[in-house]
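Next come the chains, spelled out residue by residue.
Number of protein chains: 2
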Amino acid sequence: MLFFTQCFGAVLDLIHLRFQHYKAKRVFSAAGQLVCVVNPTHSLKYAPTRCAAAQVSTEQGILPPCHHHEAVHDPQLVPCTCPLFSCPWEGHLEVVVSHLRQTHRINILQGAEIVFLATDMHLPAPTDWIIMHSCLGHQFLLVLRKQEKYEGHPQFFATMMLIGTPSQANNFTYRLELNRNQRRLKWEATPRSVLECVDSVISDGDCLVLNTSLAQLFSDNGSLAIGIAITTSKVHSSEAEM
Amino acid sequence: MLFFTQCFGAVLDLIHLRFQHYKAKRVFSAAGQLVCVVNPTHSLKYAPTRCAAAQVSTEQGILPPCHHHEAVHDPQLVPCTCPLFSCPWEGHLEVVVSHLRQTHRINILQGAEIVFLATDMHLPAPTDWIIMHSCLGHQFLLVLRKQEKYEGHPQFFATMMLIGTPSQANNFTYRLELNRNQRRLKWEATPRSVLECVDSVISDGDCLVLNTSLAQLFSDNGSLAIGIAITTSKVHSSEAEM
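So the protein sequences, as listed, match chains A and B. Mapping to the working numbering: the first sequence position 54 is 54, numbers consecutive. Mapping to the working numbering: the second sequence position 125 is 1125, numbers consecutive.
Chain A on its own, in the form it takes in the complex (with noise of 0.2 Å):
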């Protein structure tokens, strides 16, 4: 009976993910756009100093380790700089995308424009929802966090990593569209690196950053439909396009 119970609460799901997708395909009019749902991937406690180690020159292309945040009992320890996870693992640029796959199973995802349906708007900050996204010859990562700068406001901030050198990121521009109830909202910048650190990006507010009533006014469902696309840039036009 509880096999049962389970089969029908797992049929439920996949019906309710279709459901999404197919809302999040209808925004987006998504002709030739994959929408990929993304599930909240953790909801640890961030160290505030967690990037105190990060300002490393990062050109050498090692990202530096990671410690389990669980396992930080000692106060001298430097919290995590990995981009991502509160793992200990660290390693050469090179192997980034197969350890991300392999150990935390982000799932990667081909195409110029994809759409980033993230679900569970609701859960308690800090939550992240991540995705790697592979596009003119390189993986980028898509880091959406729910955290709370000012305590009791949560906010959503959103930005895109190359995994790849800071001089290689300057090669591209990145866009996040935002797209319902008669509202747009568009953020286009150049992608950081993965050897910098994604929370002083976020700490810094260089990024896309949503209040949580405007995150509500996009949502459909409890679910944000993000429009993912990038170009190689344009730095020197770019200012002059408008």
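Take these hints with a grain of salt, some might be off.
Stated by the list, open to error - The calculated lysine-lysine pairs, modelled on BS3-like cross-linking and capped at a C-alpha distance of 27 Å, are:
hint, chain 1, residue 1, chain 2, residue 2
1, A, K186, B, K1149
2, B, K1149, A, K149
3, A, K149, B, K1186
Claimed, not checked - Short derived list, chain A residues pointing at chain B, Cβ under 7 Å:
hint, residue
4, P40
5, R101
6, R105
7, N107
8, Y150
9, Q182
10, R183
11, L185
12, T190
13, V209
14, N211
15, L214
16, A215
17, Q216
18, F218
19, D220
Said to hold, decoys possible - If the Cβ cut is set under 7 Å, some of the chain B residues that face chain A in the computed set are:
hint, residue
20, R1101
21, R1105
22, Y1150
23, H1153
24, F1172
25, R1184
26, L1185
27, E1188
28, A1189
29, G1205
30, N1211
31, S1213
32, L1214
33, Q1216
Rather than coming from a laboratory, the hints here were simulated on the basis of the structure. Quick caveat, the model's predicted, so the values are computed rather than measured. Cβ atoms here follow ideal geometry from the backbone N, Cα and C, with glycine treated the same way.
Starting from the structure of chain A, add chain B where the hints point.
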């Protein structure tokens, strides 16, 4: 001597404004775009209950009465619900434009696309920057407000309001665009009517919201250039355009 010193100061101010104007034109590659330098208008403390009386039906086309904030001694008096100023004026929609021009000396600009250059972004909250925009046979009001929703953390809120009824406002779409330092942020929405309360639009966060750090990234020498465009709305096709 004092006269010459003052003249010299005025000339310096003019040169500074001209320089800002030139820079805004350069950033927005203003082919045909009018750049308007907008100085902050006032920095009165907003009463938290200012919008309490704004829920009155507003389709009748009469603005609710406004009272001087400075003169509110009786706690039973409802603070100003006029969209902008703590002023005692009340009147019909048809005369709002002339009231704003004559009494409050708000500039009015013509053109489908203009650049709003707000100066002195460093001034403490609350501060407003306001301009009227005449376009497509109607007048619109752009309000940029610096306000502390969370104490000690000022944010910038920008919205566009139609000097007309809510049903007239539904026929338009406005776009606000920031473009600097290889970053671009666009907000598109249906304007609200001035008969609604600008305070509630801002407290709901249903507008372009900038944290101080992001505002600094988009600012140039203390001034923020916002590109404004207004179009007749295509509500039904808007969400399928992407």
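Please verify that hint: L214/A, Cβ, nearest Cβ of chain B, below 7 Å or not.
Hint on L214/A: holds, closest Cβ of chain B at ~5 Å, below 7 Å.
When the least beta-carbon distance from R101/A to chain B is tested against 7 Å, hint result:
violated, 29 Å
Chain B contact restraint on T190/A - CB to CB distance below 7 Å:
holds, 5 Å
Double-check F1172/B for me: the hint is only fine if its C-beta lies closer than 7 Å to a C-beta in chain A.
violated, 11 Å
Does the interface hint hold: is Q182/A within less than 7 Å of chain B, judged Cβ to Cβ?
Since the shortest Cβ distance to chain B is 5 Å, the answer is holds.
Hint check: 7 Å Cβ-Cβ cutoff, R1101/B to chain A:
violated, 29 Å
G1205/B as chain A interface residue, shortest Cβ-Cβ below 7 Å
With a minimum Cβ separation of about 4 Å from chain A (threshold 7 Å), the hint on G1205/B holds.
Do the numbers back the hint for R105/A, that is, is its least Cβ distance to chain B under 7 Å?
violated, 29 Å
For the hint on R1184/B, does the least C-beta distance to chain A fall short of 7 Å?
holds, 4 Å
Quick check on N211/A please, does its C-beta sit within 7 Å of some C-beta on chain B?
Since chain B brings a Cβ to about 4 Å from N211/A, closer than 7 Å, the hint holds.
Taking the least C-beta to C-beta distance, is S1213/B closer than 7 Å to chain A?
With a minimum Cβ separation of about 4 Å from chain A (threshold 7 Å), the hint on S1213/B holds.
Quick one, is the E1188/B hint okay against chain A at 7 Å, beta carbons?
holds, 4 Å
In this structure, the hints that do not hold are numbers 4, 5, 6, 7, 16, 17, 18, 19, 20, 21, 24 and 33, in rising order.
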